[in-house]
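**Student:** Protein sequence lines correspond, in order, to chains S and F.
For the first sequence, the residue numbers in UniProt numbering are 1 to 234.
For the second sequence, the residue numbers in UniProt numbering are 1 to 234.
Among the clues, some could well be false.
Any copy will do: because identical chains look the same in the list, a pair fits if it lies in one copy or spans two.
[To be verified] Calculated lysine-lysine pairs in the DSSO-like style (CA-CA distance at most 27 Å, straight line):
1. Lys95 <-> Lys144
2. Lys144 <-> Lys181
3. Lys6 <-> Lys180
4. Lys164 <-> Lys124
5. Lys95 <-> Lys40
6. Lys6 <-> Lys185
7. Lys3 <-> Lys113
8. Lys144 <-> Lys25
9. Lys52 <-> Lys95
10. Lys52 <-> Lys3
Since the hints were derived computationally from the structure, they do not count as laboratory data.
Number of protein chains: 2
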Amino acid sequence: MSKYQKVVEQIEQNIIDNHLQQGDKLPTFQDLMKQYDVSKSTIVKALNILEKRGVIYQIQGSGVFVRRRKRTGYINFLESQGFTADLKEFQMKSKVLAVELIQPSEEVRANLKCEAEEQVYFVKRLRFINDQILCIEESYYRQKFVPYLSRSIAEESLFHYVEKALGLTISFSDKYLHVKKLDEKESELLELETGDPALFVEELFYLSTGEPFDFSRMVYHYEHSQFFVQSNGL
Amino acid sequence: MSKYQKVVEQIEQNIIDNHLQQGDKLPTFQDLMKQYDVSKSTIVKALNILEKRGVIYQIQGSGVFVRRRKRTGYINFLESQGFTADLKEFQMKSKVLAVELIQPSEEVRANLKCEAEEQVYFVKRLRFINDQILCIEESYYRQKFVPYLSRSIAEESLFHYVEKALGLTISFSDKYLHVKKLDEKESELLELETGDPALFVEELFYLSTGEPFDFSRMVYHYEHSQFFVQSNGL
């Protein structure tokens, strides 16, 4: 872990441990530099990351302040990446429905920019949050980047596997979302009625090289899923 | 407009004008400094903002690359702030249903951290996108910050009014979302059936001072609303 990442973690932990509230002021740059024994540029970098994450806000000429959302029980909509890792607040489990190496459909091929003949791993899972059904997830991983997958791997965090075992860096994603009515198959899996409402999310994940490597579709159980999003004015 | 903001706009415009595609490489820092006649720190700041906005991605040691989402017709879920301004792609209109100065309910008071006796402007609008119903919006503005509101002001962009006429800076927001079934009143306004699906969003907007000034509830028409969200891995 690099120096600024350590500082990021320490400042965040400090806010939690000391029960700091929204609007509470953090020490000055000088004091933070002394406290963590790092340079000003490391503090600047760490604070920018904490601001992006919605942990603090900075007011030019006035200081750095704590930002805390008030509600618990909401899933961070921007951090689906770290699904299993980040949701410390929740207990996540998966039931694997399928793991297959397949020829992608035209739609999947176009989204993932697959080359001709390129194969993808299709993974279908039912995901649980605190032992309740959270969503149906269908993912397509390019074999080019994920040469091997199995049922037992898919039972755990796939992104953890991709990052730790395969050494890939997942860098950003595009999400597309709308609300719809469940069809018969979906409602059966989610144990709901056909026609019940659902949040439908398509997500394209990119590696740090800018290449798309995973295309996923999620259908969320409307009674078991609620999300929060922290925006920063730009 | 500050120097780096100008560079942000110019680089973005340049990407659009030259039809640059995802993965296309931008000039080096040196070339950008020359091209826009600014310092390195201004370029760094501009590129960081463009990265946050999902316009580019940066690969350490390798360069700066264009990031473009492929789908049109989706609303930027993180930029509801600039609703009327940012949605150049869409035509936005509002039908004002109510503008009243009221005593806030306990729920509104708690969200906005109102002082005792503090009043709020309640604004209810039906919002249209390309002449189709987009959502029902109920907003509560603290009179402390928004001393005056009228029906004709509410017909236009309220955030534009708040920023331009009142000189306030809207800095960040917390969104909470889930999917639900429409009740009778909502379905009537949206011209849908009771029980039809809807995205329900509660949003708290903060000024640059960290003070909450607007609490809003939106109920979206499921057939006329779709969103995109660009996440950055952190």
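**Student:** Now tell me if each hint is right for this structure.
**Tutor:** Going through the hints against the structure:
Taking the shortest Cα distances, Lys95 and Lys144 sit within 27 Å of each other inside one copy (25 Å), while across copies they are farther apart (52 Å). In this assembly of identical chains, the alpha carbons of Lys144 and Lys181 never lie at most 27 Å apart, being 35 Å within a copy and 42 Å across copies at closest. Taking CA atoms no more than 27 Å apart as the test, Lys6 paired with Lys180 passes in neither setting, with 42 Å inside one copy and 40 Å between copies. Taking the shortest alpha-carbon separations for Lys164 and Lys124, only the intra-copy value of 21 Å comes in at or below 27 Å, while the best inter-copy value is 50 Å.
When the C-alpha separation of Lys95 and Lys40 is checked against a cutoff of 27 Å, the pair qualifies neither within a copy, at 47 Å, nor between copies, at 50 Å. Proximity of Lys6 and Lys185 under a CA criterion of 27 Å is satisfied in neither setting, with 46 Å inside one chain copy and 51 Å between copies. With identical chains, the CA atoms of Lys3 and Lys113 are never at most 27 Å apart, being 36 Å at best within one copy and 37 Å at best between copies. Taking identical chains as interchangeable, the C-alpha atoms of Lys144 and Lys25 lie at most 27 Å apart only when they sit on different chains, with a minimum of 23 Å there against 48 Å within one chain.
Neither within a single protomer nor between protomers do Lys52 and Lys95 lie at most 27 Å apart by alpha-carbon distance, with minima of 33 Å and 34 Å respectively. Proximity of Lys52 and Lys3 under a CA criterion of 27 Å is satisfied in both settings, with 18 Å inside one chain copy and 22 Å between copies.
The structure does not agree with the numbered hints 2, 3, 5, 6, 7 and 9 stated previously, though it agrees with the rest.
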